[in-house]
Amino acid sequence: MKENILIIGGGAAGMEAATQLQKLGLNPIIVEKSEALGGHIAQWDRLFPAFHPAKDVVDQMLEQVKDVKTYLNTEVTDIQKDNNGFHAVLSNNETIDAKAVILATGFDIFKAERKQEYGYGIYNNVMTSVELEKFFRTGKDARINNPKKIGFVHCVGARDVKVCNTYCSKVCCTTALKQACEIKEVFPEAEVYTFYMDLRMFGPGYEDLYLKTQKDFDVKCVRGRVCEVSEDMDGRLVIKAEDTLFGKPLKMTLDVLVLMCSMEKNKSIDAIQQKLGVANNSDGFMQNKDMYLGMNDTKQDGVFVAGACTAPKSLPDTVGEARSVAVEVFNYINNK
Amino acid sequence: MEYRFKGHLVEELYKDYRIKEGMKACMNCGVCTAVCPAAEFYKYNPKNIVNIVARKNEEDLEELLKSDTIWYCGECMSCVTRCPRANAPGLVIMALRKLSMRSGLYMQSEKGRQQYVVVKDLCSNILNYGYCVYPRTFDYETHKEFGPVGKWINDNLDDLHARMGSNLDGDGPGGLRKIPKESLDQLKNIFDVTGATELMEQVLNDAHQEAVKENLSDEEYFMEVYTKNDWEKHLNH
Amino acid sequence: MDFGFCLSPSSHVKMDSIDLTTFNRLKETNPDVNTCIACGSCTATCTAGNFTEMSFRRLLLMLQRGKEDEAKKMIQRCMLCGKCTLVCPRGINIRKILLDITR
Amino acid sequence: MNQYIFHPFVLPFVLGMAFVLTYCVVGLFRVICLLPKDDRKQFWRSLVTPKTAWANIRDLFGDCLFHVKIWKRNPILGYMHSAIAFGWFMIIVIGHVMLFTLKPLEGVEVEGFARTFTNFYYPIFYKHFATETPVFAFLMDFFLLMIISGILIAVVKKIYSKIVGVKRVTKFGFADNMVRFALWTIFPFRLIAEKSNIMAFWWLYSIDLMIFMCLLPFTRYMHIPTEALFILLRHAGLKPREPRKGYALAQIYSCPSCGLCIDACPMSVNDKMSGNTSAYFMKKLRNADDKEAKRIAETCMQCGKCVAVCPLSIESCDIKMTQREATPYIINSDHSYLEDRHFDRPQGAEKSPSVLYFAGCMTQLTPKIMRAMKQIMEAAGENYEFMDKDGGICCGRPMLLSGKTAEAQAMIAKNTEIIKQSRAKKLVLSCPICYKVFKEENHLEGIEIQHHTQYIDELIKNGKLKVNKGEVNYVYHDPCELGRAFGVYDEPREVIENVGNLKKAKSEKELSICCGGSLGSFNLTQQERDEITENSVNDLMFNNPEQIVTACPLCLKTFARKSPVAVKDIAEVVVENI
Amino acid sequence: MIIEGKQKIWADYQKDIPDDHYFYVRSCIRQAFFPGSEVTFLDITRNKLGKDFYENPYHTTCGGIAYHSDTIPQETAMTIIARQFALMKESGYENYVCSCITSFGCYTETLETWHEYPELEAKIRQYLWDSCKKEFAKPKYLAHASDIIYKFRFEIAKQMKFPLVNAKTGKPLKVVEHIGCHYSKMFPSKGFGGAEYPHVLVGMIEAWGGEVVDYPERRQCCGFGFRQYFVQANRGYSESNTHKKFESMEPYEPDLIITNCPGCPYFLDRWQYVIAEQTGKTYGKNGYGIPALTYEEVAGLVMGYDPWDLGLQMHQVAIEPLLEKMGIPYDPKKKYQGLNGKDLGQPMCPSCIKSV
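Residue numbers (this note's numbering), protein chains in the order written: chain B, 1 to 336; chain H, 337 to 573; chain A, 574 to 676; chain C, 677 to 1254; chain S, 1255 to 1610.
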């Protein structure tokens, strides 16, 4: 009989891990709290650096897991471990016995209103990168009315002691430049500004995207963290930053301001995580065994982690980890 | 040039609790400068100052302590709210100013020398009256912005405060009451014990020396420092 | 009445009211001007920068921040030696841009 | 009795001839009048100075008629050119000599003005109007056939340009094509007309001539009449001062658009860039297309190869420089900060150095050259001093290249002052760009100026520097501003042969290909430069050397981007073999 | 503007302060320039609200202005503060309320620093003993006087006679709130509403019927800058900051500015006069300025205190247009009278800004 492997989370990491486990002859079971598989990536329109439609990737992943046993709108409410493995109770009162558990619970988006000085939720035309992505997907957003000037603020909820997130959220820089290009495609006449501290173009083709952003899309990159946002009489946004490369304070009026919100640990899993005995690291994400060779392992036997539950990750990073976790689990089962 | 703490400026600066509290690591994001009122109206950039302090270089620090730039800050502390690394540039400035005064380097800059005016006015107010601001020493002639109403207030000071219910120079509680002698003595003791007297006397002495050098009376020197304004030089074009 | 002081001008770069004519004209003939990443290589190697405050990356910014007069003053220092062009990691043809600004 | 020997078909010719003569005379006056006063004086004087007069005669025949230079380059092309030019010249000369012997067919006597007028076209159409002596008849036919043979080659060349060793030919407009077609057909028509005396062919012949002459001023064929003037001006020792004026104008019209420079130009690595070559530049100037002329002038790398291969030695590089100078600048440089720079005599140095070494801006970017030079000078026991240890003043060449002559001169003067302060006897330079300026512009009388290739060669020859011969196979790249500009070809080669084996590049010496890094060009993008560099590297790699050696820091940096083998400065390879 | 967003933040930033029994310390600037404000504060809290606010006659300045003018060392300021705390302890109080924002900032900074560096607290304890033979206890609660008014804003509203409403049109007055920088910029959690959208004054304005104006430079400092004001040569800085605020609020046509810091109403008031003298520009209607009042003055006005008892004649910007808007009766003759109707003469009229 095939051994059950419980995967908590049906995003990119969960789906990919399930796909690989199935190929390795195990029986993955996905428990997903939302109404559909796909996770955050399914909410995305196009992917950096090449503007590839996210739907393509998600559809392929969905196709691969169509035979995997999946619980939607379901959460794990309790989990116990004994010599036979793990016994999970689901919110629909079913129980699952599994030999191993993979935590693929991913991340939450930083709540932009926590960064009060940016006025998200207070000033009408401040929006998040997630909402902008939705605009690209649906073409609808009340805040976007043929804007003439658009600004992007990097590191919202990242690299910031004041919101207790000191880490870099990794993907927002590239996402910001991608979105800056896209908004310029929609509104070619608009002026687009990004306010960054460092542009961390860490992957293949990302630096080319940066160059393209500057050269072909005429996006203006200003080095300086936006300090405060306020609203003027016309409901336009007045922002202040230092143009640090120029060494002078800078002030400008924008029609739309997009906040590049960071990734935060998905806290809805905290209770189960605690029951499994998996600790958090200093960034508040799940602690894996070590970051080089034990990235999928936890201190707990039979509990594995994959994807953005351990740190902010890009899609390729996540897929890579999902594949490696499958191998780890396979070895774990076979060596038992 | 000779000055106190030569060769030990960095060491001395880092003893200050405000450096301990206000000086972590800067990532040059510039929010402090963006929000800073002084950066808008003076040739001033708090971020750069924090960077110099972080560098811990004796020569750079000496230059900084000698310069006008550390005296531009208005200590509104707006920078403290925003810094994503929890630095407090405003506190760093306060520590720098103190060291600049103690080392004597403040006498090298136009804005630094003004400390004489501020020390003389405020410390004497505290020690003589127990208040930082005392209306009888707040002169209309040197505070024209007090306006016609201000002049009228000063001309009718006793009557007006009586009208408003103040207890000007009176005993017991109430606004502007006379602070009892024992309390003033305690303030003086605090000044002596905590180093304020020493600092004050040093500043007054530095100013006196400078006045002698410039062939001015202390009063004339006071007015020179009080009014001298090389306006263009301080602007951030 | 003479108060002994007066209002100071604001040093804010007011992005809403900057005249970008020169920069945009430059951009037409030299799309490269947009691609500067402010690494500072040009400034570090500059022959004139050895004696003065000449800095090409700053000069480009000046043009984009409404400080054309300052930029034009700075450009006077340039000796056109071309080292900046050689070290630019983005391959910007700096000397061409400098000359285009001057005419 | 006044009577004309006349037929209406001469009219087209007369018209054309009158036009072209008027044009040339006016043009001649324009060129001469627009020369600066001193230049004009110099020109008149040169015409009567025996030495230049002789040179004039020699070149007028050698270049204009016999095209000696083209013969040297390619005999077929040489024959083609001289067959047409010399043949035509002879036909005209013989025709006019015949005037005295010809007998009009109808026996009419022509005198006075009519005679003069008739002489105008008489020799051209003499076969229709007169009988001639057999000797002349033979000569005329001979030269006519000679021309036609040349034209045949031209036709073949047009169709298969590679046969004559030309890869790229200039692309022409309508007028040029018309004139060329006219030129090709004039003489066959004449031959047919003379032999058959069919009226139609006389007409065609005459109309052809008219087309040729009327369009001539507007085409490259204008070089035929202008070249003579150009030779005279050149021998007068003039320099072009403004584009499209005076001497430059003569040069512009002398350019035959032969296209030899197109193949030679390092930029001709692709079709787009080959539009930047001198032939096109001249054409744009002729057509008064200032915008394009300016663009090409500023794109040119100033490597000088086009001048080296030009059969007329047209100074296209210099004309491009005048074009650059003509561009107005709204910002004047201010280098007042250089005023208090002076020679930094090292502490404790009592004596003046005998050798002053100036690395220059580019060498500052290649510190290994500086280090190698230091080692060499140490090894040779020289009393030397660095002039720009802590950063120097630019030599001024880039400023000159931008056309800002006055500013450049100020920098040059400052460097001259610093050099003189050092009281050194010899100035050694690592950068050929600097070398060119110090040689040509700085007034450094009494101070020997050497490029380090020459200096090292001298050190080896006088035994101060001992080197071992290694086994490495090197190829040497001639930097443009050392080789073509000053003919320093042998010293570096001798140095290299002292320390290793010297392989030949495909193109050597005056034909060597610019590395692509040249400061001369303002417009070339990095990608375009890279293509040029790749081509140049391929040329150097022709004999599979193990290392590329050059003598210019800029070439060094440029080749390093694209070379499959190590690129070194000559000083470095010497140091490796001390 | 999405008000719900602000409300959420206001709900998040509420601090716990007691209702009664406060040790009250005065403000140097407020008692010197706006003496009516502190009198009104004590009258409202003691007599209208029936609370215990004790003032110890031995308390002095906190030294905050001298500290922020860099004339006394941090230890000196802390020891003076410790002495005030000792007085509180001696008087049997543990809730401390100060009238001054600079003081509030200094007290907060001192307490936080001691918390972080206990050895510094021990050192100060020793200094206080050495100099005054006193021992201090840290207050259990620390409040600013505006926190008290904020806390009782609805009680005050119940006793309100003249809401912040235009009596003629019935429309709410447009009110600008200006928070002293040291109220919550250093320690956002110490102020009602936090640092970005402080609620302390907004709550009063809303409770008393006014409409809050949120303009781009709302958070900007008035420009006091301590040494930037005390030295005449530096005052351009101070004036420029106020100028910036007024330029930014001008299009909203505010009727009134309300402040919680002693210095701010002085600067926002007097710089209007100077700007008018220097540039000819006034920011109110018809050549008037915009009144910049303390929250005590505004509380007094809405509760029906006589404007001249509040000391509104000590402002340079004329208050009469506001009084008329609010329908508050006043006797123009009494404006410049002393006790018992004594004639104190009249201030000169400024050349530009209207004074009556």
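One or more of the hints may lead you astray.
To be verified - Pairs of lysine to aspartate or glutamate, DMTMM-like flavour, derived with a Cα cap of 20 Å:
1) H:Lys356 - S:Glu1329
2) A:Lys600 - B:Asp234
3) H:Lys524 - S:Asp1384
4) S:Lys1388 - H:Asp528
5) S:Lys1262 - S:Glu1465
Since the hints were made in silico from the structure, they are not lab data. Values in this document were obtained by computation on a predicted structure and should not be read as measured data.
To see whether the hints hold, each was checked on the structure:
no., hint, result
1, H:Lys356 - S:Glu1329, "holds, 15 Å"
2, A:Lys600 - B:Asp234, "violated, 32 Å"
3, H:Lys524 - S:Asp1384, "holds, 12 Å"
4, S:Lys1388 - H:Asp528, "holds, 16 Å"
5, S:Lys1262 - S:Glu1465, "holds, 19 Å"
Taken one by one, the earlier hints fail for this structure only at number 2.
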